[in-house]
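In case you want the letters, here they are:
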Amino acid sequence: MDGSKIKIALTGNPNVGKTTLFNALTGSRQHVGNWPGVTVEKKSGNVSYKNYDIEVIDLPGTYSLTAYSIDEIVARNYIIEEKPDIVIQVVDASNLERNLYLTTQLMELGSEILIVLNMCDIAEERGDRIYIDKMEELLATPVIKTVASQKKGICDLLDKVIEQKEIKQYHGHEIGYGAEIEEKILEIEQVLAEDETRDSRYPLRWISIRLLEGDSNVREKISDSPVYDRVIQIIDSIDQEEFEAEIADKRYIAINTIFPQMCTRANDKLTKSDMVDRVLTNKYLGIPIFLALMWGAFELTFAFATPFMDMIDLAASWVAGYVSSSLQPEWLASLVGDGIIGGVGAVLVFVPNIFILFFLLSLLEGSGYLARAAFIMDKLMYKIGMHGKSFIPMLMGFGCNVPAIMAARSIEDEKDRLITILVVPFVSCGARLPIYVLFAGTFFGRQAGTVIFGMYILGIVIAIISAKLLRVTVVRGKPAPFIMELPPYRVPTLRTSLIHMWDNGFMYIKKAGSIILVGVVVIWALASFPWGVEYGSEDSYVGSLGHAVEPLLKPLGFDWKISVALIFGLVAKEIVVASMGVLYGAGDNSEALTERLMADPGLNALNSLSLMAFSLLYMPCVATVGVIKKETGSWKWTAFAIFYGIIVAWITAFVIYQGGVMLGY
Amino acid sequence: MLEENDTTLDTLKPGEKARITKVRVRGSARRKLMDMGMVAGTDIELVRNAPLGDPMDYNIKGYHLSIRKEEAKQIFITKL
Numbered sequence: 067m068d069g070s071k072i073k074i075a076l077t078g079n080p081n082v083g084k085t086t087l088f089n090a091l092t093g094s095r096q097h098v099g100n101w102p103g104v105t106v107e108k109k110s111g112n113v114s115y116k117n118y119d120i121e122v123i124d125l126p127g128t129y130s131l132t133a134y135s136i137d138e139i140v141a142r143n144y145i146i147e148e149k150p151d152i153v154i155q156v157v158d159a160s161n162l163e164r165n166l167y168l169t170t171q172l173m174e175l176g177s178e179i180l181i182v183l184n185m186c187d188i189a190e191e192r193g194d195r196i197y198i199d200k201m202e203e204l205l206a207t208p209v210i211k212t213v214a215s216q217k218k219g220i221c222d223l224l225d226k227v228i229e230q231k232e233i234k235q236y237h238g239h240e241i242g243y244g245a246e247i248e249e250k251i252l253e254i255e256q257v258l259a260e261d262e263t264r265d266s267r268y269p270l271r272w273i274s275i276r277l278l279e280g281d282s283n284v285r286e287k288i289s290d291s292p293v294y295d296r297v298i299q300i301i302d303s304i305d306q307e308e309f310e311a312e313i314a315d316k317r318y319i320a321i322n323t324i325f326p327q328m329c330t331r332a333n334d335k336l337t338k339s340d341m342v343d344r345v346l347t348n349k350y351l352g353i354p355i356f357l358a359l360m361w362g363a364f365e366l367t368f369a370f371a372t373p374f375m376d377m378i379d380l381a382a383s384w385v386a387g388y389v390s391s392s393l394q395p396e397w398l399a400s401l402v403g404d405g406i407i408g409g410v411g412a413v414l415v416f417v418p419n420i421f422i423l424f425f426l427l428s429l430l431e432g433s434g435y436l437a438r439a440a441f442i443m444d445k446l447m448y449k450i451g452m453h454g455k456s457f458i459p460m461l462m463g464f465g466c467n468v469p470a471i472m473a474a475r476s477i478e479d480e481k482d483r484l485i486t487i488l489v490v491p492f493v494s495c496g497a498r499l500p501i502y503v504l505f506a507g508t509f510f511g512r513q514a515g516t517v518i519f520g521m522y523i524l525g526i527v528i529a530i531i532s533a534k535l536l537r538v539t540v541v542r543g544k545p546a547p548f549i550m551e552l553p554p555y556r557v558p559t560l561r562t563s564l565i566h567m568w569d570n571g572f573m574y575i576k577k578a579g580s581i582i583l584v585g586v587v588v589i590w591a592l593a594s595f596p597w598g599v600e601y602g603s604e605d606s607y608v609g610s611l612g613h614a615v616e617p618l619l620k621p622l623g624f625d626w627k628i629s630v631a632l633i634f635g636l637v638a639k640e641i642v643v644a645s646m647g648v649l650y651g652a653g654d655n656s657e658a659l660t661e662r663l664m665a666d667p668g669l670n671a672l673n674s675l676s677l678m679a680f681s682l683l684y685m686p687c688v689a690t691v692g693v694i695k696k697e698t699g700s701w702k703w704t705a706f707a708i709f710y711g712i713i714v715a716w717i718t719a720f721v722i723y724q725g726g727v728m729l730g731y
Numbered sequence: 007m008l009e010e011n012d013t014t015l016d017t018l019k020p021g022e023k024a025r026i027t028k029v030r031v032r033g034s035a036r037r038k039l040m041d042m043g044m045v046a047g048t049d050i051e052l053v054r055n056a057p058l059g060d061p062m063d064y065n066i067k068g069y070h071l072s073i074r075k076e077e078a079k080q081i082f083i084t085k086l
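The listed protein sequences correspond, in order, to chains P and A. The working numbering runs 66 ahead of the 1-based position in the first sequence. The working numbering runs 6 ahead of the 1-based position in the second sequence.
There could be a bad hint or two in this list.
If the Cβ cut is set under 10 Å, some of the chain A residues that face chain P in the computed set are [to be verified]:
1) Leu18
2) Glu22
3) Arg25
4) Lys28
5) Val29
6) Ser34
7) Leu52
8) Lys67
9) Leu86
These are calculated hints, taken from the structure and not from any lab test. Please read all numbers here as calculations on a predicted model, not as lab measurements. Glycine is no exception: its CB is placed at the ideal position from the N, C-alpha and C atoms.
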């Protein structure tokens, strides 16, 4: 039996419980992907109810529908172009006034609107009273009360959706903008209407208002129109800044007129959330608490994940060993064992990190603390050309660059996000530590600790310099203005956090995984061919490659063996150590390796220092490259990250080595 | 057209209230500020500064909005 189909889109401000409602509606039947052409996440799901098959699209949370961010453009384009049967705006009942601003804009899009008044429990607890009947009357849209976190009101909502689909009569009230503006709106509408080839899905009034507000995205949309020049003439004749302010003003005036009739707010007494804020963002306590929480999150993500990662590592090498010994011929065994299973292992080993990270990020975000973290760190980050929201990704980078780059997703501004993604690889991750331990331990004796600490500082300094450098070259401009809501503190819903964790973990395996797998197999092939050579030996392609790049690395003090180890390090940086073990014939025995390294006249304190700096900074490992590609959605920026890293590493190592030589070390 | 007692938003002290008279911010920040409710005629209160002094946490239209001093300097107010 095939029921009737209904397509609904969820929209609303951030932090209003939209995702919780989406999860309550669709349960496990959801699909996560990307909106075409952009990196904004697209979630959709299905719910069967009373013989109807309802498709739910979760639009990005926005405060407005201007062209301020990609999120806003994605949301409004979907509503206009895909024409969902009903657009549901999720409204935070405890913050009605600002939420209604989006409502005024939705009404201009000409779609069927239904308002879901969520978190009524919080508003009622605070003593607010909302008169639903009055609200329905004034807005001319149906209003449904829900508490999505407790799944209250979901059936009422679905009943209303079905009813509204059958009736189709609620477009809401449009706002009047006063004589002067209305006159211009009409003038533009009339000119636009003359163009018979125009995209009829876009309401003329909406386009006209958007143009008067200086919306560049809409302006571009009509740039092919034969009437474009005439429209621009009208727009150029007005004081655009004045109109923009006036239009926003009129929207708020309209809200102010109806708002007191539908809601009586309790006196401005201190809420629980305000009291929590008095402590968490306190002048003296704010920073220590922040550092403690970040330390906790970091420890949980990395320390807690380590046993799971070790288990995956162990399982992968056990399976690889088993396959290698049971498969014939030998090259096939090696391909499957070292290449493919090694590659799958390299993908899976990050899964515990990524799952825990996204779980914690979701808890932080759901509780409202993530916004405070940015609030607390913004001044510091702004000084180095970044945004307050860049702090958490940078911090996570010390554990592993892969989840760190994924954490940059919370940064809305494209440029801020790109810069964060590009500089995170310079933050010294856990996988680089074994390299420092080996070389600093071998050549620096009691100074080893200082040298290792110096490497971490070097990474931070290079990241800061790079951020500043990128700001004046390829990613020009200042960090985005910090205009951010500090949402009320709430108890996050476990279910939402678990779903968030699962979705993102799975996306990582699917998207970044394929690139990592290919990278690992390519390196395996380089180490195994031509036919019959010993894996990774001087005669293999990787050995030849090591010899080929030797002249380039010679000024840094590296011979071909180090070059080969560095090529292997592209799989994962800690493999540099294992490769040195193989190349020096010491295998896994670290004491033997230390002895042989010391005995090699080609190695000394100076070039090992240069090597550590180079390993820190050169091309990110394949897993990091994989997520950079996935998160930027661009091969261009991925290539940039690789070559920029190599150049910075070369220059730094060159300065260290040649400087040392000049100083007589 | 600014009045004598007009000053800018960054001069507000924690707990002080004011009414916005003009938003002089330019560029994309202007749009965003308006969308968030920073329009002339709206009442605003400084709740606190961030622990490092900047940005600021304001109460506007019943919710908390945080902006940097840089933008606050270009928003004119009348203290209440």
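Structure-based check of all given hints:
1. Leu18: violated, 16 Å
2. Glu22: With a minimum Cβ separation of about 14 Å from chain P (threshold 10 Å), the hint on Glu22 of chain A is violated.
3. Arg25: violated, 13 Å
4. Lys28: holds, 9 Å
5. Val29: holds, 7 Å
6. Ser34: holds, 6 Å
7. Leu52: Hint on Leu52 of chain A: violated, closest Cβ of chain P at ~13 Å, above 10 Å.
8. Lys67: Holds. Min distance 5 Å.
9. Leu86: violated, 14 Å
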